[in-house]
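Undergrad: Single-letter residue listing:
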Amino acid sequence: MSALATNARVVRALGMRSVRQTFRRPQLIAPIIIFPTLLLAIQTGGASGAVELPGFPPVQSFLQFMLAGAMMQSLMLAGNSGGIALAVDIEMGFTDRLFSAPIPRFAIVLGRLAGTAALGLFASLWFLAIGLIFGAEIESGVAGALMAIFLVTAAALAVGGVGAAIALRTGSASVVQGLFPLVLVVLFLSSAFFPQELMIEPAKTIAQYNPLSFIVEGIRGPMISGFDASETLDALLAILGIVVLGLFLSDRALRHRLRVG
Amino acid sequence: MEAAVAVPAWRANLATIGALMARAKNELVRVPGAAIPGVLAPTIFFLGLNGVFGALTQLNGFSTGSYESFIVPISMLQGAGFTGAAAGVNLARDIEQGWLDRLLVSPAPRWVLLSGTVLAASARSLIPATFVLAIALALGAGWPGVDGFLITYFMVASMAAVAACWGSFLALRFKSQSAAPLMQAGMMALILTTTAYAPLALLAGWLQKIARVNPVTQVVEAARQGFVGSVTWAETWPGLVALAGLLAVLGSLALREMRRTAL
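So the protein lines, in turn, are chains A and B. So the first sequence is numbered by our numbering: it starts at 26 and just counts up by one. So the second sequence is numbered by our numbering: it starts at 512 and just counts up by one.
Hints in this document: simulated from the structure, not taken from any laboratory. Ideal placement from N, C-alpha and C gives every residue a C-beta, glycine not left out. Each hint should be verified, as a subset may be incorrect.
Just so you have them, the derived chain B footprint on chain A, three or more residues with Cβ under 8 Å [claimed, not checked]:
(1) 155-169
(2) 205-212
(3) 243-253
Which chain B residues stay away from chain A? Per the calculated CB distances, all over 10 Å, these [as the list claims (entries may be wrong)]:
(4) Arg522
(5) Ala707
(6) Trp717
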């Protein structure tokens with residue numbers, strides 16, 4: 026068997042393990058699916074009148090607008106949960122056993138990220154299904170839905186890279202878990218839940234430069250209006266930026282972990 | 512030989528509750544970091560919701576032009592919910608580590624053991640509430656007046672007791688910290704399916720129906736009244752009745768589980 030095929034098998038096995046682990050532990054699946062779904066329902070019901078505000082983009086319903094935000098929240102928490110699970114593996118010595126196995130180190134991290142990406146894919150399908158069941162239309166049709174699925178999966182992979190880097194650097198599940206509030210801060214300071222133009226300062230200005238705003242607009246655009254090449258390109262560039270950051274940090278963290286043991 | 516002086520039962524029970532509350536306080540003093548998530552989460556929600564949904568007050572139907580004032584009681588109650596749920600998680604940890612077994616072999620009645628957990632959560636909920644209120648006042652939320660302030664704090668402490676009963680019930684039922692998401696999600700749903708984000712008339716139809724029957728809506732309105740207007744008995748008593756009902760139901764469930772818990 027070629028080395029590439031062997032590595033692909035390792036990544037697949039570790040990715041499957043990561044997904045199974047998440048679905049078996051309520052404390053891992055709850056933040057990814059239950060909390061964002063609960064918040065989506067409550068925010069959609071509680072702030073539905075927002076669509077009447079002057080300056081609110083034309084949408085079919087507030088739910089249609091909020092779907093992208095819920096996906097974004099879910100993928101961010103999937104990245105955080107992936108980091109926690111990796112840190113637990115480090116604490117319990119499972120990662121050490123993998124390090125001593127004849128498999129490339131990058132495959133170990135990539136396996137975890139494959140699991141996080143799979144959870145991102147699941148989250149995008151989950152929220153699309155919820156949206157369609159409760160009457161939200163996807164303006165760009167199937168192509169818009171596919172674009173949302175692709176961007177959410179790719180963004181989950183990117184964010185998971187940062188989570189994995191922090192887990193590798195600290196080796197502590199509680200430290201990675203402690204980043205949970207930070208995830209919420211970064212989300213609130215983006216246009217995930219409300220149009221940027223209607224947000225209050227300083228959140229409005231910060232959201233303008235927050236890379237998550239670019240990603241969420243890339244997901245939302247095809248859902249509420251139609252494809253916009255520059256919006257999609259901005260989203261892809263933002264994801265690429267986070268991927269590069271995650272790779273850089275993971276590489277450094279992995280080297281550090283192998284050096285100090 | 513000197514005969515032992517019998518301590519009245521009520522005094523022994525009070526001493527036990529005091530000791531359990533002191534244990535909870537020690538946890539906080541010795542591991543200050545443990546309190547940070549409980550304080551941070553409602554603060555982030557307050558700042559985030561205010562930054563994101565602040566423009567909602569432009570809609571007709573809001574009794575105040577300040578969303579900080581409208582949302583701060585929700586964040587304080589959310590802090591109480593998180594603190595109460597954390598008490599449940601701590602109890603589940605005590606069960607997993609065998610600490611509760613040691614308490615159960617003591618002569619303390621089960622209701623005393625439960626009261627220690629619940630009252631400690633009530634007292635602890637005042638920390639995030641005070642932190643969030645201080646930030647809200649700094650950002651321009653209106654001062655609710657002394658009566659409004661006292662009512663809000665009473666509602667917050669009582670809501671933490673409700674949440675602690677809920678958390679304890681689940682901890683005793685599942686005997687595992689894995690039940691933590693259920694503890695937190697349950698409280699989050701109970702507090703947010705009210706007039707949390709907007710007045711009743713502005714809620715979506717389905718949420719309006721839930722908010723009307725959700726007893727916590729009365730608690731929210733009672734806690735909020737001082738921030739958005741004046742304090743009245745008509746706005747206060749439904750909140751008190753709702754809290755009494757919630758405490759009676761969830762307290763009974765938690766106590767029943769505590770009594771069922773065998774060694």
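Undergrad: Work down the list of hints and note, for each, if the structure agrees.
TA: For each hint, the structure was consulted:
Counting residues of the region 155-169 of chain A whose beta-carbon sits less than 8 Å from any beta-carbon of chain B gives 0, not enough to reach three: the coverage restraint is violated. Note: the region 205-212 of chain A has 5 residues with beta-carbon separation from chain B under 8 Å; the three-residue rule is met and the coverage holds. With 0 residues carrying a beta carbon less than 8 Å from a beta carbon of chain B, the region 243-253 of chain A misses the three-residue requirement, and the given coverage is violated. The beta carbon of B:Arg522 sits about 40 Å from the closest Cβ of chain A, which is more than 10 Å, so the claim that it is off the interface holds.
For B:Ala707, the condition that its CB be more than 10 Å from all CB atoms of chain A is violated, with the nearest at approximately 6 Å. The Cβ of B:Trp717 sits about 6 Å from the closest Cβ of chain A, inside the 10 Å cut-off, so the non-interface label is violated.
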